[in-house]
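*Asks:* Residues per chain, in single letters:
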Amino acid sequence: MSCENLQELISLTLDGRLPEAERENVFDHVRVCRECGDRLSSLQTQRAILRKMAQAPVPADLAARLSVLASHERERQLARVSLGVRVRRMAAKIDLAFENLMRPVALPVTGGLVSALLLFGLMVPTLSFAHKTTGHESHADDVSEQLSRRDIFPATFPTGQLVTNPYGQTDDDDDSLRIEPVDSMPSDFLNIVDLTIDETGRVVDWTVVKGVITADMKSVILLSTFQPATNMGMATSGKIRMVQFAPSVTVHG
Amino acid sequence: MATSILDLSAQKALEGADSDDLRLVELLRTGEAQAYEELLTRFQQPAYALALRLLDDPSESADVVQEVFLKVFRNIASFRGQSSLKTWIYRITVNEAHNARRWFFRHRRREVELDSEPEEARNWKDIIPDGCLSPFDVAFEREQHVMLEAALEKLSPIFREAVVLRDITDMSYEEIAEVLGVSLGTVKSRILRGREALRAELVGSLKDRPAPRLVPKTAE
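If you're matching them up, the sequences are chains A and B in order. Per this note's numbering, the first sequence starts with residue -13, numbered consecutively. Per this note's numbering, the second sequence starts with residue 3, numbered consecutively.
In short, the hints are calculated from the structure, not lab data. There's no promise every hint is true.
Stated by the list, open to error - Simulated crosslink set (PhoX-like; lysine-lysine; CA at most 25 Å straight-line):
id: 1; chain 1: B; residue 1: 156; chain 2: B; residue 2: 190
id: 2; chain 1: B; residue 1: 88; chain 2: B; residue 2: 73
id: 3; chain 1: A; residue 1: 38; chain 2: B; residue 2: 88
id: 4; chain 1: B; residue 1: 190; chain 2: A; residue 2: 38
id: 5; chain 1: A; residue 1: 225; chain 2: A; residue 2: 204
id: 6; chain 1: B; residue 1: 88; chain 2: B; residue 2: 190
id: 7; chain 1: A; residue 1: 38; chain 2: B; residue 2: 156
Predicted model, so just to flag it, every value in this text is computed and none were measured.
Hey, can you work out the whole structure from these sequences and the hints?
*Replies:* The structure is reproduced here in structure tokens:
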């Protein structure tokens, strides 16, 4: 038996694929031939080391990746098998897509809502609303309503009221002077003058809005005293409008 | 020579799937969670060890194994039981590793690794010796491993596949023939030539190493 022929037989011996008789022949040769003996022992060692390489541990991240993969593929398989699972998968996908869509706007929307509520809450005490009275309420109701309104609206409109008049009581029927609120705009009057009344009820300034300033008006400006406007119960300055149809006396110069 | 991975009908079935394999496959088809877990438990480690020895790159091997199991799960319906589950999975692994190696040589051969060596990235538990072997034995074994790994790397992929399947995964000649899609005679020849080439490589690497020189010096 030549050494070259024995190469294949040694390899087959290692794998246990040789009949008993042939194996004995190989061992007989190996005992006398040093080169073949070395070959057999080195191949045996080589095989033993290679066997140990089979124990390479699976990296933890690969194991995790494979578990996730198995889970996904199982879901796929289930979806293929049953309609219910397919519908559930679809619903879960839609749900996830909706959540992903809403997530970026959730915080701004909540923040905006909360800040709007906060601002509205802060503004409520400063807001004022007009209350209409029906006119059919009893006196007691009227008083209590006035009291409550005073509590809610402590400021009166700064409309003055004529207290003293050099001509005595003004008559509504004649064409003499009349006092109107400053925001009224009576179109049929000839002369209109706005007066600024200070907190003592005296006229401190005047402005001709329309027409001319008549002698009667000048007298009122110089001699009359007004009820001053109030704010929180305290006298304050305000404006009043003085109107006249026609001048009764024209002053020249 | 990329053969179709999943076409087993053309292959001569030397050993069919056993009842255990068929039961597992049936459970996989019905989407049983335990079957998926069992498949991974049985085959992830051998498949990884095989891929690692065929590619010599842990991260590349991990990708290959993931691809292998993806194909296994996706194509479990087409598994007819003509071969054993092990042979089927190993065949997919060998083909995937072959494809990965071709891709690697085409695209990434010139890339330079920036990451630290895998040896350095190992957990401290792997580095600290457990005390079962003496430091000499550990060093000796480690040296043998390193030399054999280097020699395997230099081996032609055709011989390497045969040697790895026989000596590392411990498959029979018939199973190897089925996995590689070649005849039994070719398997024998490849294993023989692969082993001889490996031995020659090892002997050559030992001869190339300079012997340590001990130069006596007088103490000063």
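*Asks:* Given the hint that residue 225 of chain A pairs with residue 204 of chain A, test it: the Cα-Cα distance must not exceed 25 Å.
*Replies:* Distance ~16 Å between residue 225 of chain A and residue 204 of chain A Cα, so the pair holds.
*Asks:* Would the pair residue 156 of chain B and residue 190 of chain B pass a check requiring their Cα atoms to be no farther apart than 25 Å?
*Replies:* Given pair residue 156 of chain B, residue 190 of chain B holds - Cα atoms ~20 Å apart, limit 25 Å.
*Asks:* Given the proposed pairing of residue 38 of chain A with residue 88 of chain B, does the C-alpha separation stay at or below 25 Å?
*Replies:* holds (20 Å)
*Asks:* What's the verdict on residue 38 of chain A and residue 156 of chain B, does the C-alpha distance respect the 25 Å limit or exceed it?
*Replies:* holds (19 Å)
*Asks:* So if I understand the rule, the pair passes when the alpha-carbon distance is 25 Å or less; does residue 88 of chain B with residue 190 of chain B pass?
*Replies:* holds (20 Å)
*Asks:* Holds or violated: are the alpha carbons of residue 190 of chain B and residue 38 of chain A at most 25 Å from each other?
*Replies:* holds (22 Å)
*Asks:* Given the hinted pair residue 88 of chain B and residue 73 of chain B, is their alpha-carbon gap at most 25 Å?
*Replies:* This hinted pair holds, its Cα atoms lying about 14 Å apart.
Violated hints for the displayed structure: none, as all numbered hints are satisfied.
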